[in-house]
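Can you make the complete structure from the sequences, with help from the hints?
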Amino acid sequence: MAGRTPKPKAKVSVTFAPHGRTVHAAAGANLLDIALASDVKVDAPCGGQGRCGHCRVKVEAGTLRRRHNPKLARAEEHEGYALACEAFVTGDVTVSVPTAEEIRSRPRPGTAAEKIALPFHCDWQRHPAIRKLTVHMEPPSLADNTNDLDRLRRELARQHGINDVVVGVGVLRTLAKALRDADWNVALTLDMRNWVLDATVPPRLLAIDRASDTSPNFGLAIDIGTTSVVAYLVDFATAEVVDTVSAYNGQISCGEDVISRIVYSQRKGGLERLHHLVIGTVNELLHEIAGRNKIDLTDINEVTAAGNTTMTHIFLGLDPKYIREEPYIPTASVLPRASADWLGLDINPHASVYCMPSVGSYVGGDISAGVLSSGLFLTDKLTLFIDIGTNGEMVLGTKEWLISCACSAGPAFEGGGVRDGMRATAGAIEDVWINRETYEPTFRTIGDRPALGICGSGLIDLLGELFVTGMIDKSGHVDRTLSSPRVREGGHGYEFVVAWAPETGRGHDIVVTETDIDNLVRAKAAIYAGFRVLCTSVGVALADVEQILIGGAFGQYINVEKAIEIGLMPDLPWERFEYLGNTSALGAYTALVCTDMRHEVVAIAKRMTYLELSADNAFMDEYTSALFLPHTDLATFPSVKVQVETNGTAARHSGHRSRAAQRVSAEGDS
Amino acid sequence: MTELEIPVEKWSGAVRLVTLGATGDGGTRTSTVTVGGETTLPFLHFEGQIPNAPVVAAEVVDMHPADWSPALLEALGDDTRDPAAWARKMVGLGADLISLKLRSTHPDQGDRSAADAVATVKSVLAAVGVPLIVYGPGVVDKDNEVLVAVADATKGERLALATCEDKNYRTIVAAALGNGHLIVAQTPIDVNLAKQLNILISDMGLSLDRMLMDPTTGAVGYGVEYTYSVMERLRLAALMGDGMTQQPMICSVGEESWRQKESRVADGVPESWGEYATRAVVWEVTTATALLHAGADILVVRHPRSIAQVQRSIAALMKGV
Chain A
8 MAGRTPKPKA KVSVTFAPHG RTVHAAAGAN LLDIALASDV KVDAPCGGQG RCGHCRVKVE
68 AGTLRRRHNP KLARAEEHEG YALACEAFVT GDVTVSVPTA EEIRSRPRPG TAAEKIALPF
128 HCDWQRHPAI RKLTVHMEPP SLADNTNDLD RLRRELARQH GINDVVVGVG VLRTLAKALR
188 DADWNVALTL DMRNWVLDAT VPPRLLAIDR ASDTSPNFGL AIDIGTTSVV AYLVDFATAE
248 VVDTVSAYNG QISCGEDVIS RIVYSQRKGG LERLHHLVIG TVNELLHEIA GRNKIDLTDI
308 NEVTAAGNTT MTHIFLGLDP KYIREEPYIP TASVLPRASA DWLGLDINPH ASVYCMPSVG
368 SYVGGDISAG VLSSGLFLTD KLTLFIDIGT NGEMVLGTKE WLISCACSAG PAFEGGGVRD
428 GMRATAGAIE DVWINRETYE PTFRTIGDRP ALGICGSGLI DLLGELFVTG MIDKSGHVDR
488 TLSSPRVREG GHGYEFVVAW APETGRGHDI VVTETDIDNL VRAKAAIYAG FRVLCTSVGV
548 ALADVEQILI GGAFGQYINV EKAIEIGLMP DLPWERFEYL GNTSALGAYT ALVCTDMRHE
608 VVAIAKRMTY LELSADNAFM DEYTSALFLP HTDLATFPSV KVQVETNGTA ARHSGHRSRA
668 AQRVSAEGDS
Chain B
27 MTELEIPVEK WSGAVRLVTL GATGDGGTRT STVTVGGETT LPFLHFEGQI PNAPVVAAEV
87 VDMHPADWSP ALLEALGDDT RDPAAWARKM VGLGADLISL KLRSTHPDQG DRSAADAVAT
147 VKSVLAAVGV PLIVYGPGVV DKDNEVLVAV ADATKGERLA LATCEDKNYR TIVAAALGNG
207 HLIVAQTPID VNLAKQLNIL ISDMGLSLDR MLMDPTTGAV GYGVEYTYSV MERLRLAALM
267 GDGMTQQPMI CSVGEESWRQ KESRVADGVP ESWGEYATRA VVWEVTTATA LLHAGADILV
327 VRHPRSIAQV QRSIAALMKG V
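Going line by line, the protein sequences match chains A and B.
Taking the numbering used here, the leading residue of the first sequence gets 8, the next gets one more, and so forth.
Taking the numbering used here, the leading residue of the second sequence gets 27, the next gets one more, and so forth.
The set of hints was computed from the structure by calculation and includes no laboratory data.
All C-beta atoms in this analysis are idealised placements derived from N, C-alpha and C, irrespective of residue type, glycine included.
Heads up, a few of these hints could be off.
Claimed, not checked - Only part of the chain B face toward chain A is listed, based on derived beta-carbon distances under 7 Å:
hint : residue
1    : Asp192
2    : Asn218
3    : Lys221
4    : Gln222
5    : Leu226
To be verified - Distance ranges between label pairs, derived from CB positions:
hint : chain 1 : residue 1 : chain 2 : residue 2 : range
6    : A       : Ala642    : B       : Val34     : 24 to 30 Å
7    : B       : Pro77     : A       : Asp551    : 36 to 42 Å
8    : A       : Asn442    : B       : Gly164    : 39 to 45 Å
9    : A       : Thr97     : B       : Asp137    : 46 to 52 Å
10   : A       : His75     : B       : Lys181    : 37 to 43 Å
11   : B       : Lys181    : A       : Asn76     : 50 to 56 Å
12   : B       : Gly346    : A       : Lys648    : 38 to 44 Å
13   : B       : Lys181    : A       : Glu582    : 29 to 35 Å
14   : A       : Gly382    : B       : Ser255    : 42 to 48 Å
15   : A       : Asp551    : B       : Val34     : 27 to 33 Å
16   : A       : Ser45     : B       : Gly164    : 37 to 43 Å
17   : B       : Asp137    : A       : Ser103    : 49 to 55 Å
18   : B       : Lys181    : A       : Leu389    : 55 to 61 Å
19   : A       : Asp551    : B       : Lys181    : 50 to 56 Å
Unchecked claim - SDA-like mimics (lysine to any residue), calculated; alpha carbons at most 20 Å apart, straight line:
hint : chain 1 : residue 1 : chain 2 : residue 2
20   : B       : Lys193    : A       : Lys648
21   : A       : Lys648    : B       : Leu234
22   : B       : Lys193    : A       : Val178
23   : B       : Lys193    : A       : Glu496
24   : A       : Lys648    : A       : Asp578
25   : A       : Lys648    : B       : Ile225
26   : A       : Lys648    : B       : Ser233
27   : A       : Lys48     : A       : Ser646
28   : A       : Lys648    : B       : Gly267
Now the structure itself:
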């Protein structure tokens with residue numbers, strides 16, 4: 008083969024190192040597309056639009072036709088780097104995908120071990136979702152030649168008082184053999200169909216086993232996040248979570264946020280691809296959890312899924328296009344049952360899959376689930392429930408009323424749009440402290456690995472520390488007069504070096520630039536402005552909020568002290584804040600086992616008022632007001648005000664010389 | 027007949043008093059100008075105090091502004107070739123202070139040196155006794171270079187150095203701090219941004235009685251209502267006690283109102299627009315008068331006739347007529 012010239016449109020072979028996988032592709036094809044089609048994980052948060060610069064690969068052998076992109080320096084191009092989305096294969100080629108990206112393939116460890124319990128008491132045994140019943144039948148005879156199904160129905164009514172049951176053709180196909188194999192003593196798995204609000208609907212038959220068979224009865228609660236997918240395996244016999252498992256949403260390579268996903272879905276075959284990717288992710292989780300717990304996946308008999316409106320649409324294969332277009336409406340808010348085989352989930356094929364209802368296009372089932380699991384709908388206290396991520400969704404209310412909104416914070420808190428930002432995985436800097444005398448930072452990385460970048464919680468810490476040490480001013484500008492080698496002018500304005508190259512796993516300094524700081528300030532301003540507008544809309548003061556419940560996967564890692572310092576969270580006593588963990592998965596779990604709560608979550612979604620901020624002038628004003636550290640109205644941050652004043656930030660800037668310079672000379676004198 | 031009772035608002039805040047120019051301790055002015063001190067909205071004399079009338083500053087440029095409207099150049103005559111003579115003429119016409127723009131230091135307008143700028147400022151200081159507002163060329167690096175040199179060379183004069191913006195304020199503020207000058211803080215028509223810049227500047231230790239704020243002016247027909255609304259909101263916040271919005275406000279009326287077609291073009295416009303020279307002056311005076319009602323404390327104008335006309339309005343409004 009070697010030496011032969013490829014004809015036009017010829018197949019060329021593309022080898023991905025270090026996987027060692029070789030695939031064939033048409034000459035002229037895009038490298039990122041080839042990688043995705045071959046299940047080679049290339050980090051492409053912008054979805055291949057050439058905007059993020061993350062999909063860099065290195066050409067090891069052969070050549071690529073490359074379009075120049077400003078995200079890749081000319082020098083790097085000369086070293087053989089290319090952005091996969093801007094590269095096209097012309098002949099046989101070997102490219103390596105940087106190993107640093109490989110390390111990002113799993114979400115942060117260490118959360119699965121926690122015991123997950125129902126958030127509040129409920130009588131889960133009263134109306135079980137799935138029942139296992141044994142039925143004994145006399146074998147048919149010439150004297151009693153009733154057909155198999157009617158025989159089963161007759162005995163089900165006689166022995167259990169269940170006068171009707173729905174049996175689909177799929178189950179019916181197995182009936183004759185199953186009854187005889189079991190010697191007419193069978194165990195039935197019945198879906199009690201408690202999602203159906205009209206209680207008169209008969210149960211549905213899911214499986215027929217031998218009566219002696221004591222196979223367990225499981226359910227699955229899933230949180231379908233834009234970034235990661237979490238699944239809880241639940242034992243219906245005890246209502247307990249047996250195990251949890253999580254992975255990145257396989258759609259990440261098609262864009263990092265919901266808007267990129269919606270854009271991707273409009274490509275030819277895009278929606279189908281996104282749908283298969285998320286189903287694939289859930290199936291991977293299923294096989295992992297089954298292997299670990301030695302269970303048979305067909306014993307999973309029901310699924311509840313909570314996701315934002317876009318994720319829910321794609322999970323069900325609904326076109327999310329109109330979520331993004333004015334007037335921003337979803338196909339449906341309360342979603343019908345889907346069956347596992349229709350979706351392609353590797354569980355009992357007849358199992359029902361129920362998605363949590365959404366409120367609006369940007370307040371989805373994950374938030375309805377969060378309001379459910381947080382107990383917000385039961386409390387007398389004025390409560391703010393927040394779920395911070397790329398979108399900041401928030402709900403204000405009590406048991407009497409609920410109002411919600413969503414603010415687009417941008418990807419900064421997920422590590423996007425920040426030069427050395429990254430998701431919260433091994434090697435991400437997650438906690439930062441800066442010495443007030445020397446300006447030297449100390450930090451901790453996830454998994455204690457060499458630093459690869461800074462994740463959202465690390466960025467919040469960093470911003471807070473830079474601010475309270477006076478290294479940046481209230482508008483986020485770096486004090487250029489500081490005498491620290493860590494403050495320098497870089498290619499994109501002033502920057503602060505968090506980690507020197509030798510301390511990292513990347514080979515270059517990890518920095519935060521003024522542009523990064525601007526992006527973070529904009530992100531926090533959007534969230535805080537949302538709080539203010541929500542409160543103003545119902546005529547309460549933010550200071551009157553009695554509890555702030557922080558949900559979402561990211562929320563549990565936010566340091567409240569730092570979040571208050573930068574004005575992301577309102578300046579309230581710390582005891583009013585409470586971390587709830589993954590409220591979306593918890594809500595799905597609650598609805599899975601407490602069937603009464605299924606009606607409740609639909610009621611929650613239906614009665615929640617949705618405030619559309621894009622139509623709200625007050626939001627823009629609050630946003631500009633919050634584009635300051637901690638806020639233009641410092642009086643609303645009394646504890647930060649005290650801190651800033653006692654630290655003498657003001658004094659530091661009071662002359663030509665910085666305090667650092669003065670301190671150096673003072674030390675020299677002593 | 028029942029007596030009509032006028033509702034009176036009780037305000038807790040006041041506009042800060044700011045004095046431009048100094049007559050001693052390094053200051054060589056023959057008079058100073060104090061603005062601010064209002065405890066009510068503009069000209070509501072029945073409600074609060076307006077201890078200082080708004081003032082009119084005349085704009086002087088350190089080079090002949092060949093691109094200015096012909097109506098202006100004609101009215102100003104040959105004095106535009108000598109900033110000292112130009113300033114003297116405007117004071118003679120009644121200007122309360124002089125706003126001197128060091129345009130010739132702009133890299134594209136001659137790129138004259140900081141030393142040249144110092145000489146120009148000194149010549150104007152020698153020619154007139156009123157206080158000065160000194161504008162750099164409006165380019166970050168050159169502004170810093172020129173204004174620092176001017177500040178150092180005129181220590182104690184209480185000049186107002188213009189302009190500080192959120193991306194460039196530290197150097198100018200430091201120069202004002204070190205030499206006893208004032209600064210003008212300019213922000214793009216937004217209440218929050220104006221307040222934020224005031225906070226940043228006061229965080230550097232400059233006392234608030236040395237700061238003027240320029241909320242950015244839009245001329246009549248070109249956004250004056252935005253300026254009006256933002257100024258009104260700033261003033262309301264000031265009167266309600268928000269300490270970071272209580273700076274007196276300065277408006278670049280001349281620069282904005284002479285930019286428009288209505289002030290620049292004599293021919294080829296509808297007859298209903300009226301006689302050109304009159305129309306152009308009316309445009310400037312109308313803009314200034316509108317902004318007086320929004321709370322302006324210093325109005326910077328260009329046309330000789332505008333000075334007297336705006337001052338006549340101020341006098342009438344101060345009498346409560």
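| Checking against the hints above, which ones are violated? | Structure breaks hints 10, 13, 16, 20, 22 and 27.
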